[in-house]
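Following the hints, complete the assembly by docking chain B onto the known chain A.
Just so you know, the sequences run in chain order A and B. Throughout the first sequence, residue numbering follows the working numbering, covering 1 to 325 in sequence. Throughout the second sequence, residue numbering follows the working numbering, covering 1 to 325 in sequence.
Hint data in this document are derived by calculation from the structure and do not stem from the laboratory. Keep in mind that the hints are not guaranteed to be accurate.
As the list claims (entries may be wrong) - Mimicking BS3-like on lysine-lysine, the simulated pairs with C-alpha atoms at most 25 Å apart in a straight line are: (1) A/34 to A/51; (2) B/270 to A/322; (3) A/322 to A/293; (4) A/5 to A/293; (5) B/322 to B/97; (6) B/34 to B/51; (7) A/51 to B/322; (8) B/34 to A/51; (9) B/322 to B/173; (10) B/97 to A/51; (11) A/322 to A/270; (12) B/270 to A/270; (13) B/267 to A/270; (14) B/51 to A/5; (15) B/270 to A/267; (16) B/34 to B/322; (17) A/207 to A/173; (18) B/322 to A/270; (19) B/322 to B/267; (20) B/51 to A/322; (21) B/322 to B/5; (22) A/5 to A/267; (23) B/5 to A/97; (24) A/168 to A/207.
To be verified - Computed list of chain B residues with no C-beta within reach of chain A, every gap over 12 Å: (25) 4; (26) 147; (27) 204.
Owing to the predicted nature of the structure, the values given are computational and were not obtained by experimental measurement. From the three backbone atoms N, C-alpha and C, an ideal C-beta is built for every residue, glycine too.
Number of protein chains: 2
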Amino acid sequence: MADAKYDVAGIGNAIVDVLANVPDDFLQSEGLNKGAMQLIDADQAETLYSKIPPAIEASGGSAANTVADLASLGGVGSFMGKVRDDQLGDIFSHDLKAIGVQYSTPAATSGPATARCIVLVTNDGERTLNTYLGACVAFGPDDVDTGIIADSQVTYLEGYLFDPPAAKEAFFKAADAAHAAGRQVSLSLSDPFCVDRYRDEFRAFIKEHVDVLCANEDEIKSLYQVDSFDDAANMVREECGISALTRGAEGSVVVAGSATVAVAAEKVSKVVDTTGAGDAYAAGFLFGLTHGKDHAECARLGGIAAAEVISHFGARPETELKTLI
Amino acid sequence: MADAKYDVAGIGNAIVDVLANVPDDFLQSEGLNKGAMQLIDADQAETLYSKIPPAIEASGGSAANTVADLASLGGVGSFMGKVRDDQLGDIFSHDLKAIGVQYSTPAATSGPATARCIVLVTNDGERTLNTYLGACVAFGPDDVDTGIIADSQVTYLEGYLFDPPAAKEAFFKAADAAHAAGRQVSLSLSDPFCVDRYRDEFRAFIKEHVDVLCANEDEIKSLYQVDSFDDAANMVREECGISALTRGAEGSVVVAGSATVAVAAEKVSKVVDTTGAGDAYAAGFLFGLTHGKDHAECARLGGIAAAEVISHFGARPETELKTLI
Chain A
1 MADAKYDVAG
11 IGNAIVDVLA
21 NVPDDFLQSE
31 GLNKGAMQLI
41 DADQAETLYS
51 KIPPAIEASG
61 GSAANTVADL
71 ASLGGVGSFM
81 GKVRDDQLGD
91 IFSHDLKAIG
101 VQYSTPAATS
111 GPATARCIVL
121 VTNDGERTLN
131 TYLGACVAFG
141 PDDVDTGIIA
151 DSQVTYLEGY
161 LFDPPAAKEA
171 FFKAADAAHA
181 AGRQVSLSLS
191 DPFCVDRYRD
201 EFRAFIKEHV
211 DVLCANEDEI
221 KSLYQVDSFD
231 DAANMVREEC
241 GISALTRGAE
251 GSVVVAGSAT
261 VAVAAEKVSK
271 VVDTTGAGDA
281 YAAGFLFGLT
291 HGKDHAECAR
301 LGGIAAAEVI
311 SHFGARPETE
321 LKTLI
Chain B
1 MADAKYDVAG
11 IGNAIVDVLA
21 NVPDDFLQSE
31 GLNKGAMQLI
41 DADQAETLYS
51 KIPPAIEASG
61 GSAANTVADL
71 ASLGGVGSFM
81 GKVRDDQLGD
91 IFSHDLKAIG
101 VQYSTPAATS
111 GPATARCIVL
121 VTNDGERTLN
131 TYLGACVAFG
141 PDDVDTGIIA
151 DSQVTYLEGY
161 LFDPPAAKEA
171 FFKAADAAHA
181 AGRQVSLSLS
191 DPFCVDRYRD
201 EFRAFIKEHV
211 DVLCANEDEI
221 KSLYQVDSFD
231 DAANMVREEC
241 GISALTRGAE
251 GSVVVAGSAT
261 VAVAAEKVSK
271 VVDTTGAGDA
281 YAAGFLFGLT
291 HGKDHAECAR
301 LGGIAAAEVI
311 SHFGARPETE
321 LKTLI
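If we strip away everything but chain A, and leave its shape as in the complex, we get:
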């Protein structure tokens, strides 16, 4: 097979994060499910925003974070996702290109504004996500650049793409294009509630299309509706070639065929904000995989990237990740 120009092509919702620290009782009084991602509409976003403390804005989006982190590790990434031609869209686009990611999905010139995620960070470092999808609903199959996908070792899809209907179509088109070109497909399960919304479809998609699955413990247990991590790991072993499963402070487990590789988490002096932890892990793992590393080393690289990201506020690295590996 021809060499690939890109290590990873990420496809996901193009989102600017609005990050604020809140006390736990704010989540309770707003009826928010701590640690989860909930979708909100424009009015709900405005109402919630009016209630939160001063915030900072930083580019986010799950797969976008992953390809940004991959670039920070020294990898070559591309991203497909839809913003509006507005100020937040400019910010999203700037930050991705500035870190070295190829990004050329045309911005929507009408319709909803660029997507925002109100990220509420509690004292324990946990983040609760409230996403207004905005212009992401305009991302569709026509935005999938099959040429770039054919030129990428791995096409990485975020599960959140199932939420905007046209994006879901794009998701399948991208997976087909990757396999038609003899490339690999990776999926992130994104969120246990997202898994809940699309469990059967995710399972079918994984069996048929996914070469590398990224998920955390809650997500993989939700996928198979089991209470035990080991049970879930053994179920995914039968259905997917490589599964990189994160377990928070307990590190991660890579399940591939008959092999199971457990790697301890990197030490972090203080967990400030877990936003983007899973995205960073996926970046490290895929960077390793596309650079010929074994699964243990891939997991270690994922852990290093995640440790950097959770040690400060915001989803993307403050320190160039390639200096840490």
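Then chain B, alone, in the frame of chain A:
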């Protein structure tokens, strides 16, 4: 005199900061004057933005930072300044109101976008400011709420207001309104190059109108075109009732009549980003002054607020300042 509803009414440019870390040689290759504020037009802003690394966005503006910090200290502040009715304007407005500042200047519905300041932070924590004034040029005398000024113990004006011509008119109107109501006027000199642009006017204004002057060492030396801090301090002593003069790591000096009070700087384990340090000092000083504290205590409060702000990225406090005093 009647009690005042507000401790401080701040008037200034309404700006959203775009903060990025850059190496020193980036400043050199772009011909930027390290540590200073330079004005740039829309095209220059776009060009510079395209060259900087990934950034975060956070509300800024000198006087706006000061009233935000004052609110964080437990004081009651109001702000007047102009944004456009765009996404960055919404961010600016949200962050000011969310911290407890009264803010009701109507957003411009046409004309330039909300002002942005590209803040380039080098490894030593120094910040270099590149300001596109945008909608700030639409702030004029009609935006000065003389009722609020009459109801504020101190009206605080940033020297940067001299840059947009209509804002300068508003500046004089505000000072007149404050004194007509028997209130005090405070001025920040903002930047040594700003002082250079308007030296004679600043000197005349200070002599006639300013009760409390806030300046750093470079600014006060620039104002009087002298090389010695002590000479500058003795010159301002003759022209202004109270002058709070900051000297970076050496702390601050308050000059008032025949008295000179020097207060050491608060200890900071690492200076991460000096953006907003002077604004925070002014907030602490004015909080003390409007709460009956002596000048040494006012300077100490200023030092505490500045120390918090320079210990992290971004101009506004991450920790509620009232918990630190």
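Hints versus structure:
no., hint, in the structure
1, A/34 to A/51, "holds (17 Å)"
2, B/270 to A/322, "holds (24 Å)"
3, A/322 to A/293, "holds (15 Å)"
4, A/5 to A/293, "holds (18 Å)"
5, B/322 to B/97, "holds (17 Å)"
6, B/34 to B/51, "holds (17 Å)"
7, A/51 to B/322, "holds (21 Å)"
8, B/34 to A/51, "violated (38 Å)"
9, B/322 to B/173, "violated (32 Å)"
10, B/97 to A/51, "holds (10 Å)"
11, A/322 to A/270, "holds (21 Å)"
12, B/270 to A/270, "holds (17 Å)"
13, B/267 to A/270, "holds (22 Å)"
14, B/51 to A/5, "holds (24 Å)"
15, B/270 to A/267, "holds (22 Å)"
16, B/34 to B/322, "violated (32 Å)"
17, A/207 to A/173, "holds (16 Å)"
18, B/322 to A/270, "holds (24 Å)"
19, B/322 to B/267, "holds (18 Å)"
20, B/51 to A/322, "holds (21 Å)"
21, B/322 to B/5, "holds (19 Å)"
22, A/5 to A/267, "violated (34 Å)"
23, B/5 to A/97, "violated (48 Å)"
24, A/168 to A/207, "holds (17 Å)"
25, 4, "holds (25 Å)"
26, 147, "holds (25 Å)"
27, 204, "holds (37 Å)"
Violated hints for the displayed structure, listed by number in ascending order: 8, 9, 16, 22, 23.
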